[in-house]
Structures are given as C-alpha cells and as structure tokens.
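Asks: Chains as they are written, first to last, in this note's numbering: chain X, -15 to 143; chain C, 4 to 107.
Fair warning: there could be bad hints in the mix.
[Unchecked claim] When the alpha-carbon atoms are kept at most 30 Å apart in a straight line, the in silico DSS-like pairs for lysine-lysine are as follows:
#1 X:K65 / C:K12
#2 C:K60 / X:K(-7)
#3 X:K51 / C:K60
#4 X:K7 / C:K60
#5 X:K(-7) / X:K7
Calculated from the structure, these hints are not laboratory results.
No experiment lies behind these values; they were computed from the predicted model shown.
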Amino acid sequence: MTFADDLLKQAYFLANKERANPKQASLRRAVSTAYYALFHLLIGEAVGNWSVARQRSILARTFDHGKMRAVCQNHVTEFFKGGAPAAGLQLQNVAHAFDILQQQRHKADYDNGFVWLRINAIGQVDIASTAFTDWRAVRGTDAAQDYLLALFLPRTPRI
Amino acid sequence: MIVPTELAKQPQINAAVTEVVSQLSPSVRRIRYDIEQDWTGQWAIFFRVLLSDDASKPGNLRQIVPRIIWTMSERLNLPDLGMFPYFNFRSETEQALLRDPAWT
C-alpha cells in the first residue's frame, strides 16, 4: 500500500473516529488528509517516472499547490470546451477532484467559522477515493502522462 | 458581495440546479448555493447539497457524490460560466437537528 493509499485510509478513519458527536478536529483533519492523499498520489506517480530513484523525493518537493490547481482547472475547462469526450471523463474527474479538494482543504484548515458535519467530511473523502479509482483506470494513457507532466512543468511549452 | 458579472449567471445556475435535483431525486432533496470568492480570490459557486438519509449511508454516498459533481458540472457549462463549483453535503437527519436556514 502506498503512502497516498495510507493517507486516504486515514482520512476515512478520522471522518468516522467518534461514533457520536464527531470532533471538528477529526473532521477537519479528515478533509485535509483527503486532499493530501490525492496530492501525494499524483506527485508520486509523476516522480516515479524519474529514473534516478534517489532524486525523486527532491523532485517531489518542487510541486506547487497553486500551479497544480491551475493546471487542473485548465484541464477541466478544456475538457468541456472539447465537448466532454467520454474518453477523457475519468481524467477530468481526477483534475476536478483535485481542484475541489484543495478548496475544501483550505476551508478545513483555516476557516474556523465553517462547521463540518460528518456526511460532508465523508463526502469529501469519497471525492478523493473516486479520484484514486479514476486515476488508476487511466494512469497508463498518454493523456494521463501528459497531465502529470503539466502538473510539474513551470509553464506550458510552446511547440 | 456579488459582482454583476457573476450575478448575471444566476439564471443559468438556477436552471442547472433544477435539472440536477430532478434527475437525482430522491437521493438529492434540494440544492442551495452562494457565489463567493474561493481561497485564491476567484469567484466560485459553493453548493449546499441536502441528501436523503438513504443516500447518505456510506456505500450510497460514495456513489451519489461523484454523480452530483459530474451532473452539475455538465449542466453548468463551466467554460461559459467562468466559475468553478464546490460542494458541501448534509443529510436530512443532520439538517433536522441543526435547522440551519441556509440549507432550507
């Protein structure tokens, strides 16, 4: 089981930790952990393509959350502009999930005025879980590999 | 505060909400929303999705949540809308306890 899988499992554990009256701390950490599960799934896949194993952890630290989100939003927009082709649906779901979860991660970590309830927290973790399933269905495709590269590159090259 | 450009999108959003509730009923009981800035300052739509208690059960929730996101995103025509949607979920039992007017 990968680190990303462990994070996802932990997110579910936290969302269900208290049988009744779940603590805000548990639910907030569940949502935040769900985002980081997807984040680490994607950067793990991206740096896994780097052939020098000892450099992968260094490379992983260069990924920028804001840049990754912008790439994901652009991917979703282009998907719909292109007529929402069925072949691209699962990768679009991954990109959209990343965008959604990053926003919710900020709410969970910084907006103390927002009260999290259990169903909402589990729902956010479910978004991450579904993204895991969708990613693993398409990870070997050219489109998925191009998406990983875009998450990493500082800007889109002109070809 | 809603700026005029985003305000003008409300009929498009309302139509999408009506369609999604109709399509995903009885799992989805109602949907409310606010247009606000996200954490980066971009305008965004924050949906409040009230689910039936049956749809809120663990296995069922995992099924309905992606359908809500996909169906709403498809209906909204995101490139034209110029805003991204975010989703919060609540069960009928949770809402019955809280009686939160924002979710009624």
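Asks: When you check the alpha-carbon spacing of K(-7) (chain X) and K7 (chain X), does it fall within 30 Å?
Replies: holds, 18 Å
Asks: Going straight from one Cα to the other, do K51 (chain X) and K60 (chain C) come out at no more than 30 Å?
Replies: violated, 35 Å
Asks: What's the verdict on K65 (chain X) and K12 (chain C), does the C-alpha distance respect the 30 Å limit or exceed it?
Replies: holds, 18 Å
Asks: Within 30 Å, alpha carbon to alpha carbon, are K7 (chain X) and K60 (chain C)?
Replies: The given pair, whose Cα atoms are some 20 Å apart, holds under the 30 Å limit.
Asks: Between K60 (chain C) and K(-7) (chain X), is the straight-line Cα distance small enough, at 30 Å or below?
Replies: Roughly 18 Å between the alpha carbons, so the hint for K60 (chain C) and K(-7) (chain X) holds.
When held up to the earlier numbered hints, the structure conflicts with hint 3 and nothing else.
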